[in-house]
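K.L.:
With the hints as constraints, model all of the structure from the sequences given.
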Amino acid sequence: MFGLLVAGIAWELVARLVVRSQLLFAPLSSTVVALWDLLRSGTLAPHLVVSAEEFAIGFLISAVAGVAIGAAFAAVPWLGRLLSGVVQAAYATPLIAVAPLLIVLFGIGVRSKIIIVILLAIFPILISTESAFRSINPEYVETAVAFGASRVQVLRKVVFPAAFVGILTGLRLAVGRGIIGVLVGEIFGATHGLGFLIVQYSESFQTAKTLAVVLVLALIGVLASDGLERLEARLSPWQESKQRHQQADVE
Amino acid sequence: MSNKTSGVTLACSDVSHRFPSSAAWVLKEISLQIARGEFVAFVGASGCGKTTLLRILAGLLHPTRGVVRVGDQYVTGIPANGRAIVFQGDRLFPWRTALQNTLFGLEVRKVPHATAVVRAAAMLKLVGLERALNSYPSELSGGMRQRVNVARALVVDPDFLLMDEPFAALDAQTRELMQQELLRILGQTMVGVAFVTHQIEEALYLADRVVVLGVGPGRIRDEVRVPFPRPRLPEVRRDLHFQQLYTHIWKLIESDVVASVFPEGEAAGAAGL
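Listed in order, the protein sequences are those of chains Z and Y.
Once you know that position 160 of the first sequence is 160 in the numbering used here, the rest is easy, because the numbers rise by one and skip nothing.
Once you know that position 48 of the second sequence is 48 in the numbering used here, the rest is easy, because the numbers rise by one and skip nothing.
Keep in mind that a hint or two might mislead.
Covered stretches of chain Y, going by a simulated chain Z footprint (3 or more residues, C-beta under 8 Å) [unchecked claim]: (1) 82-93; (2) 103-113.
The following label-pair restraints were derived from C-beta to C-beta distances [stated by the list, open to error]: (3) Z/G227 / Y/G47: 51 to 59 Å; (4) Y/E235 / Z/G227: 55 to 63 Å; (5) Y/G77 / Z/L79: 43 to 51 Å.
In case anyone wonders, no lab produced these hints; they're calculated from the structure.
Cβ atoms here follow ideal geometry from the backbone N, Cα and C, with glycine treated the same way.
P.N.:
Here you go:
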């Protein structure tokens, strides 16, 4: 909280005393006023909805397909070996670079943004899922088998719960990349969305409004990562209790 | 498993085993019987194949030769009906609470949930964990985790409990406490136990019979009857007869232990120390 206060004051001072030109930079106070205007006039909401929709659809497809393909790679080793090079390369490539191409190909509508989100978000999910399934402790599986568990029971009661944490990690990594995908797609060519707004305002030198949209994005980022952490703690309470236990050990 | 008869035995006859990758026999011509209610310990130096033997008794491993039977039924693999395993290390599922871990074997056997919970909770109470039902393994101490491990195996009401160095990872005090606890818990059941350990003292304190295994290949060197009455107090370890049995078993495996600690030609020099 204190850190945020310091950052806010610094922002204000730099804008008022160092940069001074309202064309190049706007103080926090003007930004907040601009944000208030955007909210009150109803300008922001429709763009926010479009961006959210692009993100949600792209992320959902990435999650389902990434987990499915990752699981398939883990289950069918030759398939994984065959394609893991491609996947690793795709993950390492800044696929943002092909975004302009995709917009030419798929138009400036929602569709191209969804495809960009998928390209950015699917690989961390796929890779984490594959490694989560691969790194399951074989002792857990053997223990279950020794208790007479069938193949289906081993999958349901051991393999999936054991892989769960790793899959969640991949999903969390993918959220950040997905948000970047939406923005970049919209900046390269769009008719709606937060990225489109940023382009509009910055090209017409409405710096306070540009920063107001950035502020909204920062807020979304903070809320998203906080929410995911909470979700993770809820869905895998044994992890949290581990941390608590370790803390207790230290004390 | 209501059709239990106290006459059921777990028996292996003429069991020999070698792993596909190697020409050497790990186990050679092992024949023995364990009756329900009987506690049999297996001791031997590292590499004597005692864990392999336990896995064969469990049905996790098919012996190269020989057969394992429970009563008149051949053991051909999993599901290990009537047998439950307590592995080395606790192998609890970290995403399950103590109660949920204990429920595992019952879930797999499709015992109705309400019945299963009652049985699992009662078993955790028996091992002294009634206040930790909802704790995750990461919140439990090593001794408590081993209690859950034992409860998870006993709750399926097995005829035979196969234990692979269950207390090896515990510190000395906890181990001693767990040994007493195990005797107390088993005193309330009619389960037969095969207990693998590298500690002669642990074997003598717990078992009715100690099977001494030699190395290369693993053969039965001797079977020692442990005459001390039950319930056994920890002080039995200071009994003169206990010490004599200890010495007898140690002499049987000493050269194996030396060979495992000082491989190659150093053995002769070390034995002279």
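K.L.:
If a hint holds in the structure, say so; if it doesn't, say that too.
P.N.:
Hint check:
| no. | hint | in the structure |
| --- | --- | --- |
| 1 | 82-93 | holds (count 6) |
| 2 | 103-113 | holds (count 5) |
| 3 | Z/G227 / Y/G47: 51 to 59 Å | holds, 53 Å |
| 4 | Y/E235 / Z/G227: 55 to 63 Å | holds, 60 Å |
| 5 | Y/G77 / Z/L79: 43 to 51 Å | violated, 29 Å |
Checked against the numbered hints listed earlier, the structure breaks hint 5 alone; every other hint is satisfied.
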